[in-house]
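Colleague: Sequence:
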Amino acid sequence: MELNLRPAEECTFDAVSLGEVMLRLDPGEGRIRTARSFRAWEGGGEYNVVRGLRRCFGLKTAVLTAFADNEVGKLMEDFILQGGVDTSLICWKKTDGIGRLCRNGINFTERGFGIRGAVGCSDRANTAISQATPEDFDFDYIFKNKSDGGLGVRWLHTGGIYAALSEQSCETVLAAIKTAKKYGTIVSYDLNYRPSMWSAIGGLEKAQEVNKEIAKYVDVMIGNEEDFTACLGFQIEGNDENLKSLNIEGYKKMINEAVKTYPNFKAVATTLRTVKTATVNDWSALCWAGGEIYKAKQYDGLEIMDRVGGGDSFASGLIYGLMTTGDAETAVNYGAAHGALAMTTPGDTTMASKKEVEAIMGGAGARVQR
Numbered sequence: 084m085e086l087n088l089r090p091a092e093e094c095t096f097d098a099v100s101l102g103e104v105m106l107r108l109d110p111g112e113g114r115i116r117t118a119r120s121f122r123a124w125e126g127g128g129e130y131n132v133v134r135g136l137r138r139c140f141g142l143k144t145a146v147l148t149a150f151a152d153n154e155v156g157k158l159m160e161d162f163i164l165q166g167g168v169d170t171s172l173i174c175w176k177k178t179d180g181i182g183r184l185c186r187n188g189i190n191f192t193e194r195g196f197g198i199r200g201a202v203g204c205s206d207r208a209n210t211a212i213s214q215a216t217p218e219d220f221d222f223d224y225i226f227k228n229k230s231d232g233g234l235g236v237r238w239l240h241t242g243g244i245y246a247a248l249s250e251q252s253c254e255t256v257l258a259a260i261k262t263a264k265k266y267g268t269i270v271s272y273d274l275n276y277r278p279s280m281w282s283a284i285g286g287l288e289k290a291q292e293v294n295k296e297i298a299k300y301v302d303v304m305i306g307n308e309e310d311f312t313a314c315l316g317f318q319i320e321g322n323d324e325n326l327k328s329l330n331i332e333g334y335k336k337m338i339n340e341a342v343k344t345y346p347n348f349k350a351v352a353t354t355l356r357t358v359k360t361a362t363v364n365d366w367s368a369l370c371w372a373g374g375e376i377y378k379a380k381q382y383d384g385l386e387i388m389d390r391v392g393g394g395d396s397f398a399s400g401l402i403y404g405l406m407t408t409g410d411a412e413t414a415v416n417y418g419a420a421h422g423a424l425a426m427t428t429p430g431d432t433t434m435a436s437k438k439e440v441e442a443i444m445g446g447a448g449a450r451v452q453r
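Read in order, the letters of the sequence shown are residues 84 to 453 in my numbering.
Worth flagging that the hints you see were computed from the coordinates, not collected in a lab. Only a predicted model underlies this, so the values are computations on that prediction, with no experimental measurement involved. We put the beta carbon where it would ideally sit given N, CA and C, even for glycine. Misleading hints may appear alongside valid ones.
Stated by the list, open to error - Computed Cβ-Cβ distance ranges for the label pairs, DEER-style: (1) L164 to G373: 35 to 45 Å; (2) P346 to R119: 48 to 58 Å; (3) D231 to N209: 28 to 38 Å; (4) Y224 to E254: 13 to 23 Å; (5) A118 to K336: 37 to 47 Å; (6) I189 to E254: 22 to 32 Å; (7) G113 to L86: 43 to 53 Å.
When you get a sec, could you build the whole thing from the sequences and use the hints?
Modeller: As C-alpha cells, then:
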C-alpha cells in the first residue's frame, strides 16, 4: 500500500499524538474501593500509541497535550520523559491551588481477575487539555517541513477519547488534523467510543456529528464494531453481545461499507477480542488496505495481566508496520503481537521490545530465556 509518507529528513518527529495524559493510580491485585496504596503510572489512549512507537519500536515521537502547571503536572512530565517521548510541545496552563482554573486528570484502574472484570474510575473534568485551543499549539509550525522553518511530523495520531473530553476538544482535534493534512502528514484516528464521556456534550448524536467530520481527514481509521456503529453509523450484520469477536465476516462487510463512504481511508483496522474471563481472552485483529482484508495471527486463550492499553499497543504496532514496511498484513501482525505482549505486563504502556514482538510474530513460545 502507498501511504506517501513525508521524507524523514524533513521531519523532526516520526509521530506525535494529540490527547490527554492522565495519572493512573493502580491498586495492583486489589480493588479501588478497598485500596490503602496505589502505584502511579501515566496513560492516555492517544499518548500510549506514541509511547509504544518510541519505547518498543525506536521511533522519534512527541506528545501534544496540556497540563496544569503544578507538582502533579511535573510528575506526569517526568513519567513521559522516562518513556522517551519528547515533551517540548506540552502546553503548561496556569492553575490555582484547588483546580478551579484547570487541573490534571486522574484515572483509577483495577485490573480484574477471572470472573471479576477490570474497572476504571476516571476524574478528568476541567482538565488542562480539555480547555486547550488551537492557539495553545502552533500547528503550522509543528507540521510544516524543517526546510520551511517548521518541525515536521510524518504521522499524527489522535482519537475519540480526546474528542469527547469537551466541546473545545472537538474543535481542537479538527484544527490539528486539518493542519496536518495541509502539510502532508498521515493521520490515524482511534474511534475509542466512550458513551459516558459523550453524554455530557450531546451524547450519541454529538459523537456521530464530530466523528463523521473527523473521518473525512483520516488516512488510517481504527476501531471495533461498537466504535464504527456508534461513531460512524455502520452496522455489523448479526451484531450480538456474544458474537463481538466471532462474526469476522460481519466485520469485513462493515469495513467495506466504511471505505465506500470514506474513500480517503487508506487503511482500516480493528482488534478482535472474545472475553472468556478478565484474565483469558481470545485475541486477533483485521486490517483492510488496497481492497484486501488481512487477519492477524490468532492468539487463543491469551492470559492477561492488565488489559488496559492493549488496543493502544495494537495501534502502535500497526502504525510501525505501515510506516516501515507498507505491507498491511505484516503491519496487522505487528499490532496484534504487540498488543498481546502489552497485556502481559501492568500499566497502560508497553514494556515489550521490538525483538520480543517479532519473536511472537514468528511463533516463539513462552519457554524461559537464559
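Colleague: Each hint should be assessed against the structure and marked as holding or not.
Modeller: How the hints compare with the structure:
1. Separation of L164 from G373 is about 39 Å and conforms to the stated range, judged on CB atoms against 35 to 45 Å.
2. Roughly 55 Å separates the CB atoms of P346 and R119, a value that falls within the hinted 48 to 58 Å.
3. Against the hinted window of 28 to 38 Å, the Cβ-Cβ separation of D231 and N209 comes to about 37 Å, which satisfies the hint.
4. Restraint check, Y224 to E254: a C-beta distance of roughly 19 Å satisfies the suggested window 13 to 23 Å.
5. Distance hint check: the CB atoms of A118 and K336 are about 44 Å apart, consistent with the given range 37 to 47 Å.
6. A hinted range of 22 to 32 Å for the beta carbons of I189 and E254 is consistent with their spacing of about 25 Å.
7. As the Cβ distance of G113 to L86 is approximately 44 Å, the hint placing it in 43 to 53 Å holds.
This entry satisfies every hint, going by the numbered hints stated previously.
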